[in-house]
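**Student:** Okay, here's what each chain looks like letter by letter:
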Amino acid sequence: MRIYNLLLRVYPASFRNEYAEEMRAIFARRLHAAGPLGVIGLWLQTIPEVIGNAAIVHWDLLRQDLSYTARMLRRAPGFAGTAIAIVALGIGATTAAFSVTDFVLLRPLPFPQPDRLVRLYEKTSAYSQLELSAANYRDWKAGSTVFESIGLHHSAAGNLVGIGEPQRVGGTAVSFDLFPTLRVQPLIGRLFTETDDRDGAPGTMILSYRLWQTQFGGDPSIVGRQVLLDTESFTVIGVMPRAFRFPGSEVQYWTPLRFNAEMYVDRNDNWHYSVGRLRDGVTFEQAQAEMDVLAARSKQQFPAENKDVGAILTRLADDGVSQQARLLLYALSGAAACVLLIACANLANLLLARALERRRELAVRTAMGAGRERMVRQLITESLLLAAGGGALGVAIAYGSVPLLNRLVPTALPLASQPTVDLRVLLFAIALTIVTGLAFGLAPLLRIGGEADLGGLREGARSGGGQKEGVRSTLVVVEIMASVVLLVSAGLLLRALWNVQTTNPGFRSENVLTLGTPLPTPQFDRVVTRDAFYTRALSSIRAIPGVTNAAFVSHLPMGRMKGGIWPVSLDGRPVNRAENKNAFLRYVTPGFLATLGIPLITGRDTDDSDRQDRQAIAVVSESFLTRFMPTETPASAIGHHFTFALQERVIVGVAGEVRMRGLERRQEPQVYLPFRQVADGNIIGYIPRWLVVRTASQPVAVAAPIRSIIRQIEPTLPVNDVATLTDVVERDTASRAAQVRVLAAFAAIAFVLAGIGIHGLLSFSVSQRAQEIGVRLALGAQSGDILRMVVHRSVMLTVAGVIPGVALAYVAGRSMDALLAGVKPADAPTMIAAVGLSVVMTLVGSVMPTLRALRVDPISALRAE
Amino acid sequence: MLPPATFHILLALAEEDRHGYAIIQDVTARTNGELKLSAGTLYRSIQRMLEQGLVVETRDRPAPEDDDERRRYYRITPDGAAAARAEARRLGQLVKMARAVGFATGKI
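Chains as they are written, first to last, in the numbering used here: chain P, 1 to 865; chain D, 1001 to 1108.
Derived by calculation from the structure, the hints in this document are not laboratory data. Some hints here could point you the wrong way.
What the hints assert, rightly or not - Pairs of lysine to any residue residues, derived as SDA-like cross-links and limited to a Cα-Cα distance of at most 20 Å, are as follows:
id	chain 1	residue 1	chain 2	residue 2
1	P	K299	P	A54
2	P	K141	P	F284
3	D	K1036	P	S569
4	P	K581	P	T626
5	D	K1036	P	E668
6	P	K824	P	S609
7	P	K141	P	T314
8	D	K1036	P	F284
9	D	K1036	P	I56
10	D	K1036	P	G41
11	D	K1036	P	T626
12	D	K1036	P	Y273
13	D	K1036	P	A34
14	D	K1036	P	I40
15	D	K1036	P	A25
16	D	K1036	P	A33
17	D	K1036	P	V39
18	P	K123	P	R374
19	D	K1036	P	L31
20	D	K1036	P	E22
21	P	K581	P	V500
22	P	K581	P	S569
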């Protein structure tokens, strides 16, 4: 019989209360009748019977609750709609933002044991992270014991010719030990070996899956095939798996990185990236300590070159995400968390308000004998139904918005795929919402407790007031506070974006078309060969109707190649890289400054008379003078000599400042050199390979004629990255702009939610106090008094939320300082705008409740009493 | 269409109000022991029938000496009787159809 009692527990309590006793009696008779032998059979029948029937009873109750809930919600569509919208926005926005953040910042790299992978950099007083020089790398690698293995890579690119249209493809040169360090295997073929790495070995290459598929149709017999890259022939030895991207997603092939004796000569020639795998049991700190020792030893051995050189390790997982991008993603996640918080607070408030409204209904049902358990079930069903509706919509929002947020993912990461909605985050957001829903959905029962809620039954009983009113006000204050923080943050970032975008880059970007013409070497090693190409191309291009000017340059401003510095030496002293006196080097064809609209302050531009056999000249930027010749004016600087790019040069002109590396970078010294004044085969990385064309209107229209001109002159030369200069400049701020937009969207959501919160709270308290208002009016209160009463309440709420909100916003602004591009965290216009918006929001939220309060008819209010 | 248990309970209540155990005994007797309702099935069905208004709990108690304080008595409602009649008609139609094709013989 005890067992049967236990068994009955699977029934809902309400059912048990009703029928358990009789069921026990019936079962007792059966047990008695069955006799000792039949007992087992009876139990075998009874157990499944009880479970099956209990399930049906549970289902019946759920059905009842659902239909009751649906009826209730249909009667309060505003409540249901608001609750669902709040939950959906909260879950959707949070999940999308956290998914992207998690993908970029937290997810491990797609290599085995990624936490053991590190990068080794040099560091100087000027650069916290500097690529390695070959010589230092060799010494440190030989002296180290902490690495299981370590390898090098640096970027490369080549023109793929002989397969369809000539094409520019990005690649990476890797030392043979790099792939084993990452512990990756090829999909087909083999990896590089030490023999591939030897100077003078035949060219070998490994293809990316994408290049293999797009250019070679996934040919299974690709291994062994010869491929022409620029003018050099390479044998394909393998294809990497589809998901392998290293170091970034734009890399399409890998070639061996070869060292020769020459590369070890200059200890300050820093251009290699490294990846090392720490030995088992070696901690990051131990490894860093050993590197410090090795760097100190090098400093002793090479006091001149390594005077200022240290070694620093970073985790590979932290690499590639700039401090700025990281900060922005954190800001987004913070904003998303704020939105979720506001959403939960709002939901809680809504449910509390509803609970008070329903106090009477629940009291009536209790009085009519509904058990506590039935009410709990009913309220849980209602909360869950709302949470589920909102959750479903929220999931849809999350899935819809993650692709939009994808644009925020930097391309320079070895991540295999695009971020997708993160199920863990989604579940967390949904769980939080459900918990909120349940916690506050069940609140009315706290009142009902053990004793009957007689107050609730009393005719015209007023609810509200007291403790719960306090909770609800607090929730609204929290909402206002969070929305102020978001508004201020979004405002600061908007101001920063605006600051950045209105920065004068120093050139006129409108009506300029830019094209890559990646002249291959050794074909274009000699100046005369290049001269012939430039002269033919430029004269034909200038003849295109609509083209006003055209020139070639080493690297575009704000283009992909952001570096390009070269040491400067003054007064005939030998060049010393360790001094960190550097300027940006750009070889140009005559007319470059005019084409980009960079003003010439004094002197002349480079021209066709600046030939190889003439005096080497240079045009420098104003900041070159401030940095290296602070005593000279632009006019007096003309005629001064300095050594740069392997030659002594005389200054013939001073040009205006340009932001070469990005709008947010400060102005840096620029040196423009005539393309002819370089020895054949020297500094080939700086051959002018970018064409800039200024047009009278619509620059895109001349792209097609320019392509055909280039093809005519040089059929195997690809034309890549055709874009207007405006686009290039915009791309510089694109991810910042996208992130600011997302943050602004969050702020808007938060703002609307907080508005809904205020509106809900006030209209509820007005409806609860309708009788009081009626009495006051009947006793002679003017409508002005009533107005004051309601408005006073909303003003108090706003003040209570805005003041801590502004303080918190200032803290948030301080932590985002690096993103603000000079905008102060306490930026007055932003603060005033945010506070103003909050006040407007409060007023708008109070309008309806106030009107309702004024429309209270004293007679009917009193009659109800 | 009524669930079989519901139909049997309605039949058991057709002549007089009964408590739960009496319903089970009546159904067993009527079906010559072929259908023995379990307590779970009985009360689960009764709860639903109460909700649908097919039966009501009755306050009329039998003479005190027969009464057991714990027992609840159930009475068929006009709706319950109508539902049982409709079900009987439906079953009759079915049997007629079965007879027409030779699946059933004799008189019922």
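**Student:** Give a verdict on every hint.
**Tutor:** A quick look at each hint next to the structure:
no.: 1; hint: K299(P) x A54(P); in the structure: violated (81 Å)
no.: 2; hint: K141(P) x F284(P); in the structure: holds (16 Å)
no.: 3; hint: K1036(D) x S569(P); in the structure: violated (107 Å)
no.: 4; hint: K581(P) x T626(P); in the structure: holds (12 Å)
no.: 5; hint: K1036(D) x E668(P); in the structure: violated (96 Å)
no.: 6; hint: K824(P) x S609(P); in the structure: violated (50 Å)
no.: 7; hint: K141(P) x T314(P); in the structure: holds (16 Å)
no.: 8; hint: K1036(D) x F284(P); in the structure: violated (75 Å)
no.: 9; hint: K1036(D) x I56(P); in the structure: holds (19 Å)
no.: 10; hint: K1036(D) x G41(P); in the structure: holds (14 Å)
no.: 11; hint: K1036(D) x T626(P); in the structure: violated (105 Å)
no.: 12; hint: K1036(D) x Y273(P); in the structure: violated (83 Å)
no.: 13; hint: K1036(D) x A34(P); in the structure: holds (13 Å)
no.: 14; hint: K1036(D) x I40(P); in the structure: holds (17 Å)
no.: 15; hint: K1036(D) x A25(P); in the structure: holds (16 Å)
no.: 16; hint: K1036(D) x A33(P); in the structure: holds (13 Å)
no.: 17; hint: K1036(D) x V39(P); in the structure: holds (16 Å)
no.: 18; hint: K123(P) x R374(P); in the structure: violated (69 Å)
no.: 19; hint: K1036(D) x L31(P); in the structure: holds (14 Å)
no.: 20; hint: K1036(D) x E22(P); in the structure: holds (16 Å)
no.: 21; hint: K581(P) x V500(P); in the structure: violated (27 Å)
no.: 22; hint: K581(P) x S569(P); in the structure: holds (7 Å)
Of the numbered hints given earlier, the model fails hints 1, 3, 5, 6, 8, 11, 12, 18 and 21; all others are met.
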